[in-house]
Amino acid sequence: MEALIQVLNGVQLGLLMFLLAAGLTLTFGIMDLVNLAHGSLYMMGAYIAWTFITWTDSFVLGALLALPATFIVGVVVEVVIARRLYARDHLDQVLATFGLILFFNDLVRAIWGPAGKSIAVPPFLNHTIEILPGALYPAYRLAIIVVGTVVALLLAWLVARTRLGMLIRAGASNRRMIAALGVNIELLFSLVFGLGAVFAGLAGLMAAPISSVKIGMGDDILILAFVIIVTGGIGSIKGAFVAAMGVGQLDIIGRVYLSDWLKAVMDPAAASAAAPAISQVLIYIVMAAVLVWRPTGLFGQRQ
Amino acid sequence: MTEQRLMGRLFTPRALITALLLVLLAALPLIAQAMGDRYILSVGTRIVIWAIAAVSLNMILGYGGLVSFGHAAFIGIGGYAVGILSANEISSGWIQWPVALFAATLWAALVAALSLRTRGVYFIMITLAFAQLVYYLGSGLEAYGGDDGLNISRSRFAGLIDLRDKAAFHWLCFALLCATLWFCGRFAHSPFGHVLRGAKSNESRMAALGFPVFRYRLVACLIAGAFGGLSGILLANEGAYISPAMMSWVKSGDLIVMVVLGGIGVRFGPLYGALAFFVLEESLKPGLDLLHKGWGEYWQLVFGPLLVIIALYAKGGIAALLGFRHE
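Chains as they are written, first to last, in our numbering: chain R, 685 to 987; chain D, 29 to 355.
Just chain R, with the same shape it has in the complex (with noise of 0.2 Å):
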């Protein structure tokens, strides 16, 4: 019973982290554009919410509200400057959107504060399920892991069965050309753009319960974003989904029981200290393993 609870808070990881990276991938694949700022949108998400739920009172209501305020903050992003690194160097994008990151923090700081914020478990999920015989998980992860494959499902459905979805996939295989058939690609940028972030948002809310919110949560999930994304192929979703619940169950068994596995070879206390660190460590190698083994990743296009 133990297992299949751990099995799923590595799902339920998975998803928040697959949510976070879509948008990053998606960025990456039809724009081609590196950004380091994404997490930036995970921690407006967050911030935003808070202060709608805080003002209406309401779980849902106020995260219903933080989703379309989240892809303004998006779009508002694009226009003003991510549009214009496009056609830069990775390097100018790094160093752009690494200042959009360092703005970011200390925008929040200054509307809302130094101090973290947090968000409660909204009342009619503040409970237990029993998901099997014995086995009790609370409502709220479990929450997250529905509205995730939802999410999930949404996304896979928009692209590759709507029109927009289509334009993705043939921005993302090649963009002048769908700028040549007369495709208002500007307006599809933005539009990819604003998505990446309601999906950035929307894990950076659903994860403000069960973490807290605070200035620069979202900069070291960033990198376990791409991580994802880089593991999985850049530019497909497939691949990021792939590599975000295997992360994810990768986190769990570092979290659970490397330590265990680690008391039987050192002191305990030595052990639970480096067991996180471990299981952090034990991302970054399998992603280097997959590299070495793939260079573009499980799902990446070869070059």
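By construction, these hints were calculated from the structure, which means they are not laboratory data.
Just so you know, even glycine gets a beta-carbon here, dropped at the ideal spot from N, CA and C.
Where hints are given, some of them may not hold.
[To be verified] Facing chain D, according to a computed beta carbon distance under 7 Å, are these residues of chain R, among others:
#	residue
1	Val718
2	Val764
3	Gly783
4	Leu786
5	Asp790
6	Ile907
7	Met971
8	Val974
9	Pro979
Mind docking chain D on chain R? Use the hints.
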């Protein structure tokens, strides 16, 4: 070269500015003493140390076109090697420094051998991932302070130099910066450097000419890693303190900012960049506070957009402004 042409080269505005800058950095301990301001000296020493790191990044980023987003790892490894040895009662710099340099170079060999197989964004991300790996290892070293870091005693060079003497330490760092800059100049104009730069502009052509591009890049990474390790050694000795923060990915980003801000692929570029970076940081805070009390805390609201503007509009950085050409 005729005497006139030599004089012409020596007395251009940019040569004068560079010379002035170096003289200023060299004289900083005396200036600080005259002003009775020890803070200036500590900022100056940090500028010199970060400039060494930035110059070493420029060797691969500027001349090799390899966008490494994990350069802070070398600083961390250099620093931690000194710190760990020092915590284990091995305080002689004659042992600490070579071990630290060797460790940084070894790490560079490992990272380069694996990541040079990838290109473009994959290279950026894999170097970042390797640096994160070192970062998490460092923060997991509970015996050496974990996340909080560790106070260490400075390296000892008995009878030769006392690193606790701020002025002497500054001069040592300055001398090492000059040596690094000198080496970088030799490096860039050597046949080796020409192959590296050739591979930056057209990799397949260099390969077709029969140069083993991979091996050239690997060696360049080893050299850059060693100099990165050197700056880490100095940084650990500057504050007598090591912590994972010295190798966080933000530091790798800062180093890229310094190189691009100063002028990529120009020998003195990273020095200007490091100087501008710290001067901006140190002057934006009080400057904004002067404008309105309390604004100084939010200096990155100005600094962030400034980076965006530099990335968008300032091709070639400060060096281009001073009239340096791409070497």
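Next item on the list: So, R/Gly783 near chain D? Judge it on the closest CB pair being under 7 Å.
Entry: holds, 3 Å
Next item on the list: With a cut-off of 7 Å on the beta carbons, see whether R/Val764 makes it to chain D.
Entry: violated, 9 Å
Check: Are R/Met971 and chain D close enough, Cβ to Cβ, to be under 7 Å, as the hint says?
Finding: Status holds, d = 5 Å.
Item checked: Interface hint compliance - R/Val974 to chain D, C-beta minimum distance less than 7 Å -> violated, 10 Å
Item checked: Interface hint outcome for R/Ile907 [beta carbon to chain D under 7 Å] -> holds, 6 Å
Margin query: Can you verify the interface hint for R/Pro979: is its Cβ closer than 7 Å to any Cβ in chain D?
Written below: holds, 5 Å
Item checked: Hint status (Cβ of R/Val718 to nearest Cβ of chain D, threshold 7 Å) -> holds, 6 Å
Checklist line | Interface hint status, R/Asp790 versus chain D (Cβ within 7 Å) | finding: This interface hint holds because 4 Å falls under the 7 Å limit.
Notebook entry, point to check: Quick one, is the R/Leu786 hint okay against chain D at 7 Å, beta carbons?
Noted result: Interface hint status for R/Leu786: holds (4 Å vs cutoff 7 Å).
Violated hints, listed in ascending order, are 2 and 8; each of the other numbered hints is respected by the structure.
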